[in-house]
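Could you build the full structure based on these sequences and the hints that come with them?
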Amino acid sequence: MREIEVSRITDVIERLCMEANEHLPEDIKCAIKDCREKEDGAIACGILDNIIENFEIADAENVPICQDTGMACIFLEIGQDVHFVGGSLSEAVDEGVRRGYEKGYLRKSVVKDPVLRGNTGDNTPAMLYTEIVPGEQVKITVGPKGFGSENMSAIRMFKPSAGLQGIKDFILETVETAGPNPCPPMVVGVGIGGTFDKAALLAKKALMRPINVPNEDPFYADLEAEMLNKINCLGIGPQGFGGRTTALGLNIETMPTHIAGMPCAINISCHVTRHKTEVI
Amino acid sequence: MEKYITLPLTEELAKTLHMGDRVYLTGTIYTSRDAGHKRMCEALERGEKLPFDPADTTIYYVGPTPAKPGQVIGSAGPTTSGRMDAYAPMMMSVGARGMIGKGARLPEVVEAMKKYSGVYFGAIGGAGALLAKCIKKCELIAYEDLGSEALRRLYVEDMPLVVIIDSEGRNLYEEGRADYQKEHLSHME
Numbered sequence: 151m152r153e154i155e156v157s158r159i160t161d162v163i164e165r166l167c168m169e170a171n172e173h174l175p176e177d178i179k180c181a182i183k184d185c186r187e188k189e190d191g192a193i194a195c196g197i198l199d200n201i202i203e204n205f206e207i208a209d210a211e212n213v214p215i216c217q218d219t220g221m222a223c224i225f226l227e228i229g230q231d232v233h234f235v236g237g238s239l240s241e242a243v244d245e246g247v248r249r250g251y252e253k254g255y256l257r258k259s260v261v262k263d264p265v266l267r268g269n270t271g272d273n274t275p276a277m278l279y280t281e282i283v284p285g286e287q288v289k290i291t292v293g294p295k296g297f298g299s300e301n302m303s304a305i306r307m308f309k310p311s312a313g314l315q316g317i318k319d320f321i322l323e324t325v326e327t328a329g330p331n332p333c334p335p336m337v338v339g340v341g342i343g344g345t346f347d348k349a350a351l352l353a354k355k356a357l358m359r360p361i362n363v364p365n366e367d368p369f370y371a372d373l374e375a376e377m378l379n380k381i382n383c384l385g386i387g388p389q390g391f392g393g394r395t396t397a398l399g400l401n402i403e404t405m406p407t408h409i410a411g412m413p414c415a416i417n418i419s420c421h422v423t424r425h426k427t428e429v430i
Numbered sequence: 004m005e006k007y008i009t010l011p012l013t014e015e016l017a018k019t020l021h022m023g024d025r026v027y028l029t030g031t032i033y034t035s036r037d038a039g040h041k042r043m044c045e046a047l048e049r050g051e052k053l054p055f056d057p058a059d060t061t062i063y064y065v066g067p068t069p070a071k072p073g074q075v076i077g078s079a080g081p082t083t084s085g086r087m088d089a090y091a092p093m094m095m096s097v098g099a100r101g102m103i104g105k106g107a108r109l110p111e112v113v114e115a116m117k118k119y120s121g122v123y124f125g126a127i128g129g130a131g132a133l134l135a136k137c138i139k140k141c142e143l144i145a146y147e148d149l150g151s152e153a154l155r156r157l158y159v160e161d162m163p164l165v166v167i168i169d170s171e172g173r174n175l176y177e178e179g180r181a182d183y184q185k186e187h188l189s190h191m192e
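Going down the list, the sequences are from chains A and B.
Numbering-wise, the working numbering puts 200 at position 50 of the first sequence, and it's gapless, one number per residue.
Numbering-wise, the working numbering puts 97 at position 94 of the second sequence, and it's gapless, one number per residue.
Any given hint could turn out to be false.
Claimed, not checked - Which stretches of chain B does chain A cover? Using the computed rule of at least three CB atoms under 8 Å from a CB of chain A, they are: (1) 105-118; (2) 125-132.
To be verified - Short, incomplete list of chain A residues facing chain B, as computed with Cβ under 10 Å: (3) 201; (4) 207; (5) 271; (6) 275; (7) 297; (8) 301; (9) 304; (10) 305; (11) 425.
Stated by the list, open to error - So the derived list for chain B, only partly shown, Cβ under 10 Å to chain A, looks like this: (12) 29; (13) 46; (14) 49; (15) 52; (16) 53; (17) 54; (18) 79; (19) 80; (20) 83; (21) 98; (22) 172; (23) 186.
In case anyone wonders, no lab produced these hints; they're calculated from the structure.
Only a predicted model underlies this, so the values are computations on that prediction, with no experimental measurement involved.
For each residue, glycine too, the CB sits at the ideal point set by N, CA and C.
This is how it looks when you write it as structure tokens:
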């Protein structure tokens, strides 16, 4: 058994909140640059040039890439031989978010109550997901999620008879409805299977996988490539002004489900799809 | 077409701007988003004045990050404009002619734009670090309790924008995409 002070979790999360908001992952940067090469319209090219300039400024000056520094989605994969000491783990996670958002001059975008509103003032609580895995390490992923794109996400409980075509149509329909609102070029996370709640979590996890790493299952890897191509034939383009680059990537995650169902969740993200991982 | 323009956004200037124009905007603008718009429109309904003179003004839908020491403002890209659709016609009725944001607008907003010669500019969603560079002055003028949503007066220089909807109601989201499809996608059918 390995003892870990929860204050270490706080320290790592504090730092990852800042780093994730200031430095775009390399896979997203490469995809944006590749797409810029393939665009030919003056407006679309101009937008992608500005997007590249933007993440370069954020990198060089350590400032937030986007003003919507998001809700802090935090995934902890906890080795089953780990024993946390020194306080509450979930409080330690929130403390890391609180410190990271204050120290990093990040925007506090969380309200206390979904109906009555009222800013919590420190961007807590975090959206915390824990998973118990073998071993004695802890893998910490921080994925700040903006709501311009979150608001364009969707979930549907399909009958199994809807089949693969039902899922393909749903992906295109959701991207079409999102249109210019989620700051295209977007990244699309798709979760298929499980229960109502698990499908949504799979879609969020799909956004945490680098977009240049396909699904391990060749069937779903092919589906990812096919749907990305179809999305980029819609013509929505950068910022919705028309063009080839509507999405930078599409990741699918799946799991077993019930004989009576085929849940499918689609989590839409923007060109500022951020996540940072560290293992302790 | 590329255009360098200086505010205020008079009716005359607004009519020279057309859908798809790439505009570099210089002058004084005001920031407001969800909660600020709600307060301003409630004030107008009570017959009160706004915290600034709205005639020929341009409002930027933004909630910036806090400024780091030495910065004028933090990252400051646009938020989704659709959430201000409920308030935009009333704001235009008192003279606020320009809107800067991102995303689709409702038909009633477009109708109000035609009536009052309004212009809807798109700033690049997600480009908060770049857009902050164009903001040379930032002054908090009202609703301080709203934090990032408070009302601010900004002075911007050469802020890169695209005219999404012009005062005639032409819409780049519709026409830009249709043009792309016509040019590139017909052979894929």
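Now for the hints, and whether the structure bears them out:
1. Proximity of the segment 105-118 of chain B to chain A, defined as three or more residues with a beta carbon under 8 Å from a beta carbon of that chain, is established by the 3 residues found.
2. Counting residues of the segment 125-132 of chain B whose beta carbon lies closer than 8 Å to any beta carbon of chain A gives 7, which meets the minimum of three for the stated coverage.
3. Interface hint status for residue 201(A): upheld, as the beta-carbon distance to the closest one in chain B is roughly 6 Å, under 10 Å.
4. Because the closest C-beta pair between residue 207(A) and chain B is about 4 Å apart, less than 10 Å, the hint holds.
5. Look at residue 271(A): its Cβ gets to within about 8 Å of chain B, closer than 10 Å, so that hint holds up.
6. The beta carbon of residue 275(A) comes no nearer than 18 Å to any beta carbon in chain B, farther than 10 Å, and the hint placing it at the interface is violated.
7. At about 8 Å, the closest approach between the beta carbon of residue 297(A) and any beta carbon in chain B falls short of 10 Å, and the interface hint on this residue holds.
8. Restraint check, residue 301(A) versus chain B: the minimum CB separation of about 7 Å is within 10 Å; hint holds.
9. Checking residue 304(A) against chain B: minimum C-beta separation of about 16 Å lies over 10 Å; hint violated.
10. The beta carbon of residue 305(A) comes no nearer than 20 Å to any beta carbon in chain B, farther than 10 Å, and the hint placing it at the interface is violated.
11. Interface hint status for residue 425(A): violated, as the beta-carbon distance to the closest one in chain B is roughly 15 Å, over 10 Å.
12. With a cut of 10 Å, the hint placing residue 29(B) at the interface with chain A is violated, because the nearest CB-to-CB distance is about 17 Å.
13. The interface hint given for residue 46(B) is violated, since its Cβ lies 19 Å from the closest Cβ of chain A, which is over the 10 Å cut-off.
14. Hint on residue 49(B) is violated. Least Cβ distance to chain A is approximately 21 Å, over the 10 Å limit.
15. Violation of the interface hint for residue 52(B) is found here, the shortest Cβ-Cβ separation to chain A being roughly 26 Å, above the 10 Å cut-off.
16. Because the beta carbon of residue 53(B) sits about 22 Å from the nearest beta carbon in chain A, more than 10 Å, this interface hint is broken.
17. A distance limit of 10 Å between C-beta atoms decides the matter here; for residue 54(B) the minimum to chain A is near 20 Å, and the interface restraint is violated.
18. Interface hint at residue 79(B): satisfied, since its Cβ lies 6 Å from the closest Cβ of chain A, which is below the 10 Å cut-off.
19. Annotation: residue 80(B) was flagged as interfacial toward chain A, and the flag holds, the nearest CB pair being 5 Å apart, inside 10 Å.
20. Proximity of residue 83(B) to chain A holds as hinted, the smallest CB-CB distance being about 5 Å (cut-off 10 Å).
21. The interface hint given for residue 98(B) is broken, as the beta carbon of that residue sits about 27 Å from the closest beta carbon of chain A, more than 10 Å.
22. A least Cβ separation of about 17 Å between residue 172(B) and chain A goes past the 10 Å threshold, and the interface hint is therefore violated.
23. For residue 186(B), the suggested interface contact is upheld, since its CB lies about 8 Å from the closest CB of chain A, less than 10 Å.
Going through the hint list in order, the structure does not satisfy hints 6, 9, 10, 11, 12, 13, 14, 15, 16, 17, 21, 22.
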